[in-house]
Amino acid sequence: MKKELKFKVNGQPYEIFVKPKTLLVEVLRDLVGLTGTKRGCSSSSCGACTVMLDGMAVKSCSVLALQANGTEVVTVEGLAKGNELSPLQRAFLDHGSYQCGFCTPGMLMSSTALLTENPRPTKLEIKEGIDGNICRCTGYNAIVRAVTAVVKGEYKEAK
Amino acid sequence: MSDYSVIGKRVHNIDGTEKVTGSGKYTFDVVLPNMLYGKILRSPHPHAKILKIDTRRAKRLVGVKAVVTGKDTLGRKQGIWRRFPELCDEEILCRAKVRYIGDAVAAVAAIDEDTAEEALDLIDVEYEPLPAVFDPMDAIKEDAPQIHEGVELNININRHIEWGDVDEAFEKCDHIREDKFKCSSQAHVCMETHDAVASFGHNGKLEVWTSSQSSYYIQRLYADMLDMNESDIRVTNRHTGGGFGSKFELDSAQFCAAILSQKLCQPVKIVLTREEEFTATKRRTPMYYFLKLGAKKDGTMLAKEVRVITEGGAYTAMGATALYLTGFFSSFPYKYPNYRYDGYRVYTNTATTSAMRGFGAPQSTFVGESQIDMMAEDLGIDPVEIRRKNGMTPNYEVPGQAFIQSCGLHQCLDKIEEHIEKRGKLPPNHGIGVSAYGFMSGGIFNWFNTPYAFSAAVVRINIDGKVDVYTGTCDMGQGSNTTLAMICAEELGVRLEDVRMFSGDTGICPPDLGAWGSRQTLMGGNAVKMAAAECKQQLIEFTAAKMGVNIVYDLDIKDRWVHLVDRPERGVSYFDIVKEAIRGKDGVAIMGRGHYTPHRKGMISPAYSFGVQAAEVEVDPETGRYKLVNVTTAHESGTVINPVGIEGQLEGAIMMAGGYGFCEDQPMDEGKILNPSIADYKLIRSLDMPETDILEIDTYEPEGPFGAKEAGEGLTNPTAGAIGNAVYKAVGVRIYDLPITPEKVFKALKEKEKQQKKAKK
Numbered sequence: 001m002k003k004e005l006k007f008k009v010n011g012q013p014y015e016i017f018v019k020p021k022t023l024l025v026e027v028l029r030d031l032v033g034l035t036g037t038k039r040g041c042s043s044s045s046c047g048a049c050t051v052m053l054d055g056m057a058v059k060s061c062s063v064l065a066l067q068a069n070g071t072e073v074v075t076v077e078g079l080a081k082g083n084e085l086s087p088l089q090r091a092f093l094d095h096g097s098y099q100c101g102f103c104t105p106g107m108l109m110s111s112t113a114l115l116t117e118n119p120r121p122t123k124l125e126i127k128e129g130i131d132g133n134i135c136r137c138t139g140y141n142a143i144v145r146a147v148t149a150v151v152k153g154e155y156k157e158a159k
Numbered sequence: 001m002s003d004y005s006v007i008g009k010r011v012h013n014i015d016g017t018e019k020v021t022g023s024g025k026y027t028f029d030v031v032l033p034n035m036l037y038g039k040i041l042r043s044p045h046p047h048a049k050i051l052k053i054d055t056r057r058a059k060r061l062v063g064v065k066a067v068v069t070g071k072d073t074l075g076r077k078q079g080i081w082r083r084f085p086e087l088c089d090e091e092i093l094c095r096a097k098v099r100y101i102g103d104a105v106a107a108v109a110a111i112d113e114d115t116a117e118e119a120l121d122l123i124d125v126e127y128e129p130l131p132a133v134f135d136p137m138d139a140i141k142e143d144a145p146q147i148h149e150g151v152e153l154n155i156n157i158n159r160h161i162e163w164g165d166v167d168e169a170f171e172k173c174d175h176i177r178e179d180k181f182k183c184s185s186q187a188h189v190c191m192e193t194h195d196a197v198a199s200f201g202h203n204g205k206l207e208v209w210t211s212s213q214s215s216y217y218i219q220r221l222y223a224d225m226l227d228m229n230e231s232d233i234r235v236t237n238r239h240t241g242g243g244f245g246s247k248f249e250l251d252s253a254q255f256c257a258a259i260l261s262q263k264l265c266q267p268v269k270i271v272l273t274r275e276e277e278f279t280a281t282k283r284r285t286p287m288y289y290f291l292k293l294g295a296k297k298d299g300t301m302l303a304k305e306v307r308v309i310t311e312g313g314a315y316t317a318m319g320a321t322a323l324y325l326t327g328f329f330s331s332f333p334y335k336y337p338n339y340r341y342d343g344y345r346v347y348t349n350t351a352t353t354s355a356m357r358g359f360g361a362p363q364s365t366f367v368g369e370s371q372i373d374m375m376a377e378d379l380g381i382d383p384v385e386i387r388r389k390n391g392m393t394p395n396y397e398v399p400g401q402a403f404i405q406s407c408g409l410h411q412c413l414d415k416i417e418e419h420i421e422k423r424g425k426l427p428p429n430h431g432i433g434v435s436a437y438g439f440m441s442g443g444i445f446n447w448f449n450t451p452y453a454f455s456a457a458v459v460r461i462n463i464d465g466k467v468d469v470y471t472g473t474c475d476m477g478q479g480s481n482t483t484l485a486m487i488c489a490e491e492l493g494v495r496l497e498d499v500r501m502f503s504g505d506t507g508i509c510p511p512d513l514g515a516w517g518s519r520q521t522l523m524g525g526n527a528v529k530m531a532a533a534e535c536k537q538q539l540i541e542f543t544a545a546k547m548g549v550n551i552v553y554d555l556d557i558k559d560r561w562v563h564l565v566d567r568p569e570r571g572v573s574y575f576d577i578v579k580e581a582i583r584g585k586d587g588v589a590i591m592g593r594g595h596y597t598p599h600r601k602g603m604i605s606p607a608y609s610f611g612v613q614a615a616e617v618e619v620d621p622e623t624g625r626y627k628l629v630n631v632t633t634a635h636e637s638g639t640v641i642n643p644v645g646i647e648g649q650l651e652g653a654i655m656m657a658g659g660y661g662f663c664e665d666q667p668m669d670e671g672k673i674l675n676p677s678i679a680d681y682k683l684i685r686s687l688d689m690p691e692t693d694i695l696e697i698d699t700y701e702p703e704g705p706f707g708a709k710e711a712g713e714g715l716t717n718p719t720a721g722a723i724g725n726a727v728y729k730a731v732g733v734r735i736y737d738l739p740i741t742p743e744k745v746f747k748a749l750k751e752k753e754k755q756q757k758k759a760k761k
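If you read the protein sequences in the order shown, they are chains D and W.
All residue numbers for the first sequence refer to our numbering, where the first residue is 1 and numbers rise by one.
All residue numbers for the second sequence refer to our numbering, where the first residue is 1 and numbers rise by one.
Hint data in this document are derived by calculation from the structure and do not stem from the laboratory.
Small disclaimer: the values here were computed from a predicted structure and weren't measured.
Where a beta carbon is used, it is the ideal one built from N, C-alpha and C, also for glycine.
Heads up, some of the hints might be wrong.
[Said to hold, decoys possible] Chain W residues, not near chain D, derived (Cβ > 12 Å throughout):
#, residue
1, G8
2, H12
3, V30
4, D112
5, V166
6, A169
7, C190
8, E192
9, D414
10, T482
11, E569
12, D688
13, T741
[Claimed, not checked] Facing chain D, from chain W, some residues (calculated, C-beta under 7 Å):
#, residue
14, V20
15, L555
16, G648
17, M655
18, N675
19, P676
20, I678
21, R685
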């Protein structure tokens with residue numbers, strides 16, 4: 001028996017009928033069509049599916065879609081403003097903070113949520129902020145350097 | 001060499017914006033019209049006869065479109081050692097027998113994944129369980145169950161390497177050590193699991209999108225298994241979410257999707273679950289290592305004898321190559337005048353072991369670098385010094401095996417020695433361990449039996465001067481497309497943004513063996529460079545004629561300016577010349593072809609990179625818990641083409657190689673992997689990651705494009721050994737089996753305490 005899900009994704013309102021067992025990641029990828037959010041384990045262990053739900057980082061493979069009713073979700077596609085990349089996206093580019101790129105959307109969402117909550121994190125806090133996200137390529141340090149550069153104000157927010 | 005305009009510059013990866021915006025399309029994201037979803041049924045038994053498979057109930061489930069078993073295949077066996085038919089031993093969809101927990105027995109295509117999964121439960125398979133064997137030491141016994149018919153003692157393959165007179169040399173040694181080690185398995189843990197979308201058309205042609213390291217291998221293996229012409233099969237690799245050695249053999253997702261699609265003439269998508277990824281794809285080879293090392297009092301190593309028995313798992317795969325390479329790299333990076341290796345790969349009823357980043361060398365480097373430290377201690381010699389005394393130097397021939405041109409090992413040792421000295425006196429329970437390594441820049445061996453060049457490229461210049469590169473190389477995240485685009489831009493004299501890459505698509509790209517064995521920079525790079533040079537030559541000829549240049553002058557192109565080398569101000573715009581040259585060629589785009597196949601470069605590789613790593617650990621002597629504090633690497637890879645890429649490869653390798661030494665393992669019970677999830681499979685997360693420092697050493701490799709060679713895979717080799725040596729330096733216990741877990745350190749500390757007490761009494 002499908003139920004109605006009303007929520008916003010990247011500022012856009014959606015009304016979708018979903019099964020009670022449908023996961024948020026499935027709605028985002030298969031019904032809304034935003035495939036930037038990845039899925040690496042389906043057991044909230046790898047962080048590839050991380051999105052922001054009302055400003056908090058959540059693993060969308062472990063959230064029922066209907067739990068997102070009435071919320072605002074931001075995915076990696078919502079980070080850029082028009083054709084301007086977000087400071088973290090630009091910092092990731094400059095610091096080579098991605099390789100295969102499969103974990104990158106989740107890493108960006110965890111980092112964005114961290115800076116929303118705590119704009120001046122220490123290095124340890126940055127590491128803690130991305131500890132739920134696995135990257136098999138970069139060894140994390142390039143990601144920590146990129147977030148640090150944003151914290152230091154080296155990348156200005158697009159107007 | 002500083003006059004390069006593209007090479008050596010800090011650039012964004014050419015696919016970077018796609019990756020940071022989530023717009024890059026992976027096979028995981030591919031959806032085609034009329035597409036179905038597939039799931040695979042796998043054996044719960046490590047060894048069993050298949051008596052009967054009844055698919056009727058599954059077929060009746062609403063939404064199920066097809067169910068296939070081994071009977072729907074041609075019954076062929078695949079293997080990547082195609083020169084040796086007896087080593088092609090994997091049916092993928094088993095017909096009569098399963099050989100490990102996870103062997104595929106049936107596959108379903110349905111309208112969605114849920115339905116396909118439900119259908120798996122409705123397939124009735126009747127098995128007759130057979131006695132199984134899991135450890136290679138048991139599997140080589142006379143009375144062990146036979147896993148493949150006619151294979152005596154379950155020995156899949158053996159390898160022998162020898163030079164000098166080992167027995168005579170041992171007679172001359174002042175000191176001989178004999179040690180035993182055990183190297184564990186490791187999972188690749190690509191973030192994108194194995195996946196494929198296969199679309200078989202009514203025209204009899206097959207199109208496949210798949211996450212892969214070698215589109216050409218997959219295409220050719222499909223052709224073998226499906227009895228098709230390879231040109232009727234198009235394999236496309238878009239973005240690939242990691243490979244690390246796991247994605248260049250035909251896998252169950254690819255094969256089952258194709259078999260299902262062939263039945264239905266509808267696209268079928270199969271994405272392996274994370275659990276399947278852990279249990280039913282291939283993994284790093286566990287090895288039993290027996291080492292004998294002999295030296296003179298002054299630390300000169302005269303002889304080494306190596307015996308290895310590896311856990312092969314159920315099938316050959318690339319394990320035979322790992323067996324050879326672990327033997328070859330056991331001699332690295334030292335000049336042993338006398339050396340003997342005997343390796344045996346043994347079938348077991350466990351998940352198949354095969355290629356993984358480092359390809360046998362992380363094992364040989366862990367054991368070798370542990371033992372050399374022990375030898376140094378026995379002889380009272382500094383660990384860096386003993387490596388310096390025996391280390392390889394430029395223009396060294398490994399007898400009968402390989403010729404090493406560039407080699408910066410000694411500069412790396414100097415740098416690491418400086419680093420250790422600078423670190424000064426360490427805090428209590430800290431230790432720094434050193435480990436040296438070398439690695440190949442592209443394998444020479446052709447057991448795949450390709451008739452094509454190892455690497456090939458086509459470069460096309462369009463009317464607007466923009467450049468398209470077509471190459472069968474595969475970018476699995478290691479950044480080869482960026483590196484190759486930089487090589488093309490440098491050679492042609494344009495900017496990086498002028499170059500567009502088309503790679504890993506067998507429909508439009510010339511074949512290339514793909515991304516394994518650290519091939520892409522040297523082999524792919526040479527092919528691209530040659531193709532770009534051919535284009536450049538055409539433009540230069542045209543410019544010379546047009547400008548009426550005195551024949552004594554040379555022309556060149558740099559930063560979009562075609563000019564006289566001796567008088568750079570005299571020239572013309574590259575863009576103008578391209579327009580006119582194409583017009584002059586009756587409208588045909590400027591094209592160049594390039595290829596590379598190593599000839600007369602020894603048995604292994606045309607070039608080798610070297611490095612030395614120092615790992616610092618802090619051990620808690622109460623609990624055995626330890627922390628990776630810092631890993632500093634002195635490294636040489638010839639000319640650095642893409643510095644951001646190299647840094648990423650180096651740091652990333654430490655995450656994976658550190659994990660091999662520190663925590664990653666696949667414990668089993670009766671052939672069942674006990675930790676098939678990311679929650680239970682411990683790998684290095686951001687908080688465990690040590691500080692990483694890189695000391696780049698300048699070398700120039702004559703065989704490489706612009707002097708470049710391998711970077712990144714070799715770095716998987718030294719870390720486990722460096723960690724083991726560091727733990728020993730910190731608290732005086734030696735761990736002989738990987739991974740070096742706190743539990744093992746704790747037990748060793750207790751044992752040491754006991755021995756000390758005993759000695760006092």
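Hint numbers the structure violates, sorted upward?
2, 3, 4, 7, 8, 10, 12, 15, 18 and 19
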